[in-house]
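Residue numbers (the numbering used here), protein chains in the order written: chain C, 1 to 339; chain H, 1001 to 1277; chain V, 2001 to 2326.
Some hints could be false.
Away from chain H, derived, C-beta distances all over 12 Å, residues of chain V [claimed, not checked]: (1) G2003; (2) I2052; (3) T2064; (4) L2070; (5) I2139; (6) F2146; (7) I2169; (8) R2231; (9) P2240; (10) L2289; (11) T2296.
Which bits of chain V does chain C cover? Going by a derived footprint, with three or more residues having C-beta under 8 Å, they are [to be verified]: (12) 2209 to 2219; (13) 2224 to 2230; (14) 2310 to 2318.
Hints are computed from structural coordinates only; laboratory data are not their basis. Each residue gets a CB set at the ideal place from its N, CA and C atoms; glycine is no exception.
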Amino acid sequence: MPPPRQNILEIEGLTLSYRARGAVVRAMDGVNLVVGDGEAVGLVGESGSGKSSLARVVLGLVPERVSRIEAGRIVIAGRDVTRLTQAEWEGVRGNPVAIVFQDPLSYLNPVMQIGRQIAESILRHTPDLKVAARVDELLELVRLPPACATAYPHELSGGMRQRALLAIALACRPRLLIADEPTTALDVTTQAEILALLKDLRQRLGMAMLLISHDLGIVASACERIYVMYAGHTVEWGRTQAVFGYPAHPYTIGLLKAAQAARNAQGRFATISGDPPNLAELPTGCPFVPRCPYAMAECSRAMPGPFDAQGDAGHTVRCWRYHETASGIAVARPARDAG
Amino acid sequence: MAATRRFWHRFLAYRAGAAATIYVLVLVVIAVATQLLSGVDPHQLSNEVMRAPSPAHLLGTDELGRDVLLGIVYGVWVSLTVGFSAALAATVLGVVIGATAGHYGGAFDLIVMRISEVFQVVPSFILAAVIVAMSGPGLTRVVMVIALLAWPQIARLMRGEVIRIKQLEFVDAVRCLGVREWVILATEVIPNAVAPILAAGTLIVGQAILLEAALSFFGLSSADLISWGRMLNSGQRFLFNAWWLSLFPGTAIFVTVLAFNLLGDAIGSALNPRTTR
Amino acid sequence: MRGYLLSRLAWAGPIVFCILVINFLIIHVVPGDPIQALVGDFPTPPGYIEQIRHEFGLDQPISTQLGLYLLNLAEGNLGFSFANRQPVLGLVLDRARFTLLLMLQALTAAAILGVVLALAAAPRAGSLYDSGITALSLIGFSVPIFWLGQILVIVFAIKLRWLPAQGMISLRDTPTGWAAVTDVLWHLILPAFSVTIYYVAIVARVARASVLDAMSQDFVLTAKAKGLSRRYVLWRHVLPNALIPVVTVIGYNFGYSLTGAILVETVFAWPGLGNLFITSIGNRDYPLLQGIFLLTAIAVVIANVVTDVLYAALDPRVRSSYGRNA
């Protein structure tokens, strides 16, 4: 009998705020997110939705002086890490949780050879291994030629740098790999290669993955479950087929429609009507109200849910009108649809 | 003019700059006064040799009984003359050379820039000292040597400005209207370059005063001219018994050079449209 | 790396040539007979003047003279100092050792102090510290360095009697072995401090800016995300990146500290080039003065090239940008 699946990451009602020039900005507000051991989970949202803050806060990498966790908790492999000191965080970073950032050039040390940057991870987490052999092994794993060990970051192409960054993260032998927009800085062909590599490695190494992206297609193809984030709130989550097949939150619906329109219009960039949220001046209640075609008076009073969307087990949504939206995506023409 | 008013507003907001301005103005008055007033002889010897500061001689007397305070007051003339004339000469030289180099470009530009690089690499005090030592002291020579060493700073600024303006489209338009090149230079480049050049020129005044003091300290000034550096030279000989011979003239040099450096900074930030204080 | 080195040498060549030409021009531009500039005002043995006239071809056209002058320099013939009864080259090189000792001390002190100050202050971006650095560099830029030396002598040697005022070694009882080394170091403190003050200010300012800049770089996040300790990240990731501008500012200001050392030596009777320089002024020993200028100027050019090489050694991006093209 297999043991019950544990959760590698649990985030409950997490609220994170930044202080900047006297103003307080909530980057995350009551965020819920769970990643099971070995599971691939996607996190989708526009830039500024709090995705990257989430990736960083899970590793204690948000700037200490200007940020504060106001509520909620983060549990990693059963351990509550919400109030760890910087020194204690060192025991979490890399193993069990590692991260791959976007923009691989600026995230690699320009004056250190790639092999050395990978070796640092090995020496930190598995010092008893033969380091040079293990570096070669990792380069092979991410499909980089062995000569890259002595190369400097500026000598590599964008795709190769992203692979190097991936090797650095994998060298820590993480149980959970967070990939923050890992393909955004790359061209389309390289994007596909990196994505295929990520999927392949995840299965081979049996690690969990939290894939963060604004690109619905990437997330849909790689992840078993999806979280949708808007203005610091997780507004809808569930199994990929459920969330993308029967979206219940108006924002998810908008995202999917926009993606579909973009596909049809062959490259013409389609977006949801209205301005992206300004985190410093969020309305009370649901933050999507200003752009929501379904908004009603109730929505401005309090953040709804989470509610069970009742289609698929675990499909959860934070919208008062999820009954109508969930059933009516394909047919309903909302009165205020400006698009 | 609003721009002028804005300049003064910013300039005075930079308090150190305002203080430096007042100090420099006072120095100018002193320098002129020492040249106009007769009847006081700073070379006046007396029997009161090597006296420590006292009510009779506020800053003491030197080995020949000359009053140190009087010496410092009369030394203002040399420092300011050298400072202003050297800076002026370097600025004129730099503006002309820099503008020509930037305007014509090509081999001439390359050679000029290389030469200016040489002057920036070479230890300027040593070169100045060698030239003055071999050609004999004299204020004019000192001024010429300092100007010779300082012009590249201005030339580089000027050249950069000329090249920048040359690339702008409206210059082409004006040129098509038949306006001569030098008119364009004079009317378009100079107003833009005034701010950084004025600031750099002011800093050169300070450098020149410092350089002159160092030359005089090394004995490279004529003995009949009272200068602060020369006073420090005799201070060096009596370091063990007469501290006031070193302390006061040196303070005069330090404060004066500091004032010009502050002034240069103030002018630079007051005229620069990009700085907001 | 080789291409880069060649490009730097290609930069240095014409500069050195210009320096030689300047030296040649001084002889001829200065009022009076060029022979005086070549020999100096010290009494010379009979026939020497004629020999020099011939060696430097003073009766020939100026272009030939330049050629002969350069040829003489190439043979290491910088002239003869009759005041010291020695060839100029050997004399200058001999005295340069002591000046170098003084400068290296100042350079090292400035580098260490500057970086330590920057590291200590960088995490706390305080305006008080900023003002301190600004004030220090403004003072360092404005103070006559020889006067600063005089004041230090008056306060610490004469009034407080903590440190020796003059010379490089104690004259009364000449120590040996380690005692001699500490004796020299003891004598070094005041002159080195005078040379250092401006240096510390510029190094501290640059180091602070570059440490702050390096700490805010993205790769620091990657390093932290590996689980590396804060100290390790600071030393192995932040510092190597932050040191690059620091090394260049130290190297490019070599000329400043050289001039500073020469000015300060007189005050402390330090037996280096500065002292040789000022006695040569008194002796009207022109070949020696020119020799000092020539060699110090070339030393500064060499320091610039060495700095460029160090820069490339620290930053692989510089190396490869030349490796392919040049």
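Status of the hints after comparison with the structure:
no., hint, result
1, G2003, "holds, 21 Å"
2, I2052, "holds, 16 Å"
3, T2064, "holds, 22 Å"
4, L2070, "holds, 16 Å"
5, I2139, "violated, 7 Å"
6, F2146, "violated, 6 Å"
7, I2169, "holds, 19 Å"
8, R2231, "holds, 38 Å"
9, P2240, "holds, 28 Å"
10, L2289, "violated, 5 Å"
11, T2296, "violated, 5 Å"
12, 2209 to 2219, "holds (count 3)"
13, 2224 to 2230, "holds (count 7)"
14, 2310 to 2318, "holds (count 4)"
Consistency with the previously given hints fails for numbers 5, 6, 10 and 11, ordered from lowest to highest.
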